[in-house]
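Visitor: The residues making up each chain are set out below.
There are 2 protein chains.
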Amino acid sequence: MNFKIYRSELLLALTKVNKAVSSNSPLPVLSGIKFDVTNDSLILTGSDSNITIQTTIKAKEDILEIYEKGSVVLGSRLISEIVRKMESDFITLEIIDGALTKIKGNDSTFNLNGYKPMEYPKIELKEVGEHFKINSDILKTIISQTIFATSKVEIRPIFTGVNFVAKDKLLSATATDSYRLAKKTIELNQDIKFNITIPYKSLSDITSIIEKVEDIDVYVSDRKVLFISNQLKIQTRLIDGTYPDVNRLIPETYLYELNIETKDLLSAIDRASLLASDGNSIIKLTMSEQTVLITSNSQEMGSVKEILTACEFKGEPLGISFNSRYVSEAIKSIGSSSVSIYFNGDMNPFIIKDKKDKSIIQLVLPVKTYN
Amino acid sequence: MNFKIYRSELLLALTKVNKAVSSNSPLPVLSGIKFDVTNDSLILTGSDSNITIQTTIKAKEDILEIYEKGSVVLGSRLISEIVRKMESDFITLEIIDGALTKIKGNDSTFNLNGYKPMEYPKIELKEVGEHFKINSDILKTIISQTIFATSKVEIRPIFTGVNFVAKDKLLSATATDSYRLAKKTIELNQDIKFNITIPYKSLSDITSIIEKVEDIDVYVSDRKVLFISNQLKIQTRLIDGTYPDVNRLIPETYLYELNIETKDLLSAIDRASLLASDGNSIIKLTMSEQTVLITSNSQEMGSVKEILTACEFKGEPLGISFNSRYVSEAIKSIGSSSVSIYFNGDMNPFIIKDKKDKSIIQLVLPVKTYN
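Top line first, the protein sequences correspond to chains A and B. Take the first sequence: its position 334, counted from the start at 1, is 334 in my numbering, and no numbers get skipped. My numbering runs 1000 ahead of the 1-based position in the second sequence.
One or more hints might be untrue.
As the list claims (entries may be wrong) - Distance ranges between label pairs, derived from CB positions:
#1 A:K140 x B:E1087: 49 to 57 Å
#2 B:R1223 x A:K140: 58 to 66 Å
#3 A:V367 x B:E1087: 22 to 30 Å
#4 B:Y1179 x A:K58: 46 to 54 Å
#5 A:K356 x B:E1087: 21 to 29 Å
#6 A:S178 x B:E1087: 51 to 59 Å
#7 A:D97 x B:S1204: 57 to 65 Å
#8 B:T1207 x A:A59: 51 to 59 Å
Claimed, not checked - Counterexamples of contact, computed for chain A against chain B with all Cβ distances above 10 Å:
#9 K19
#10 L100
#11 P121
#12 D168
#13 D191
#14 D217
#15 S303
#16 N348
Read the hints as simulated data drawn from the structure, not as lab findings. Remember, it's a predicted structure, so these values are computed and weren't measured experimentally. A virtual CB, placed ideally from N, CA and C, is assigned to each residue, including glycine.
Please construct the entire structure, taking both the sequences and the accompanying hints into account.
Guide: Listed below in structure tokens is the structure:
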């Protein structure tokens, strides 16, 4: 292996592939990035065995010049820092003995002990299974509107991911931690069918790697999903098991309705949450057609009362308590200037929606309080 | 206590006073900020019993209107967050019962459980002892050029602070952790005498609180120092004990001299340090009148060689090893575009200076290596 590359191009590729690498992998070679140099390309692969990210740089004048084919695995933190801190525009990487690799630019020369390529697990990135195309912005929105509602505890692993279901030319994404639920639905051009659950970390990596507006090819098979965009491939394993049908939790009728400016509601919730030290405070919304109040009490710290004015409530007077963080995350995910909240009583789940955007629905369970 | 105040003015004052407050104080009342309202001022005090910060806001139209005198202690994190997150330009603070304090602005009302003022320790901020004036920028420079060399371990507490000695119309500041030493000397207008050691944390707080170019009044007494600047008072305890005379460690003659561009040297050291995972790597400087090299080796990771060109070395060939972090911190503290390093052999301390600035001297001990 021997090639010369435009340093900032390599750095950008390393940054992407790095997202898949875990520094405390049980298999030491997986803490590295695999460099594969072919006749016409440099292929970089990073993986933690749950998610694999691969990017390809094509040989091209002023970007990549290949002198000799070959492969090596280099420690991901170290090679990234070296490439970042070198000062020359171009650097050369050359295997000088076994897995010992020379990295050279201007007056700096590193000789790094790498791993031999055969130590790296065989990872296949095959374009198989159900295929559809999706715009990267839409994919990012689906993820950001659901991912926060996944469960952070491993008791029921299936709830630590987002469930994606395709049928009847619709794609729905659902996440719940059993205290709240987020559901996003979009139309698909193709009539394909699948029901899969993608781990939280993979979705979070995908969001941070995929770029501006571009089409992404998605291949869904039984045990994995492959996303392809330009020179980038991201493959993730799926969470085993069947995602329960949680649609029945979403009420279709309601007795009370609150229409409110998002900004006012969020800042009132934010202040009312100050009386809990961990941000998970229980706050109470007290509504009538005349006044809407948010209150919170802490025996130790004191109390707070917020009067909400930019709002309109329809229904009999109602008081309902909830975890302030669940409601503010739900409202923020909708991302509109006003929201509508629909209630069925102080002990029933309530839903939060944007009147103008039917694709997203947020559900939160209230909390029982005794004051 | 009852007053109305311009919110951003109060927030600014709280931010300053907060620096002295420790969230895990053994005395719970010290996790609060003391509000004292007199006929014409609001005085805020924060303290962790080592350092005390006090700021005064004078009653003035459109800033502070006082309706009733009084005192209370309010939890520092909570009151600061409340004042930060309220949205009105002005807020009112009023004791409504004992230490229960109402904070009100627009549609938000908080009732906070405070502490009664008599629970707060009596802290006197008296202008006694040796007095001198110093420009805030000069004080900040003295601190930043020495503080990093203090010891981070408590084995000899005196070394965890910076030693300030005034005599013969000179003020010198010295810090050492016994592996390196920093010494800054400035001229004083007054012929005063003291020898005190100020704790690291107090100096670090002072640096972050004192503002732009202004004169600071300093009062040095046996057990404490008081800094006064405008409406702000900062008082710190001193570290007990006698600071050893470390001046004899600084060599006055030398056998070798390296003059070098700061930027080149720092980035070469930075890259050579990559082969240590904790940033405390041992690197070797190999110098002759023809070539100057930095090298580093890690059995596990590999090796690095950096050729330095923008430099000039005078003396017989010399190789010397040192902790890379000590040298880069010393060079950065000097803050000039080139530095001169003076050696007396591979096992003797070496000193780093700016040829144009005699006020600052940095000393580093080399490390024994066997390769």
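Visitor: A separate judgement is required for each hint: does it hold in the structure or not?
Guide: Structure-based check of all given hints:
{"no.": "1", "hint": "A:K140 x B:E1087: 49 to 57 Å", "in the structure": "violated, 31 Å"}
{"no.": "2", "hint": "B:R1223 x A:K140: 58 to 66 Å", "in the structure": "holds, 60 Å"}
{"no.": "3", "hint": "A:V367 x B:E1087: 22 to 30 Å", "in the structure": "holds, 27 Å"}
{"no.": "4", "hint": "B:Y1179 x A:K58: 46 to 54 Å", "in the structure": "holds, 50 Å"}
{"no.": "5", "hint": "A:K356 x B:E1087: 21 to 29 Å", "in the structure": "holds, 26 Å"}
{"no.": "6", "hint": "A:S178 x B:E1087: 51 to 59 Å", "in the structure": "violated, 35 Å"}
{"no.": "7", "hint": "A:D97 x B:S1204: 57 to 65 Å", "in the structure": "violated, 49 Å"}
{"no.": "8", "hint": "B:T1207 x A:A59: 51 to 59 Å", "in the structure": "holds, 52 Å"}
{"no.": "9", "hint": "K19", "in the structure": "holds, 20 Å"}
{"no.": "10", "hint": "L100", "in the structure": "violated, 7 Å"}
{"no.": "11", "hint": "P121", "in the structure": "holds, 22 Å"}
{"no.": "12", "hint": "D168", "in the structure": "holds, 46 Å"}
{"no.": "13", "hint": "D191", "in the structure": "holds, 50 Å"}
{"no.": "14", "hint": "D217", "in the structure": "holds, 37 Å"}
{"no.": "15", "hint": "S303", "in the structure": "violated, 5 Å"}
{"no.": "16", "hint": "N348", "in the structure": "holds, 28 Å"}
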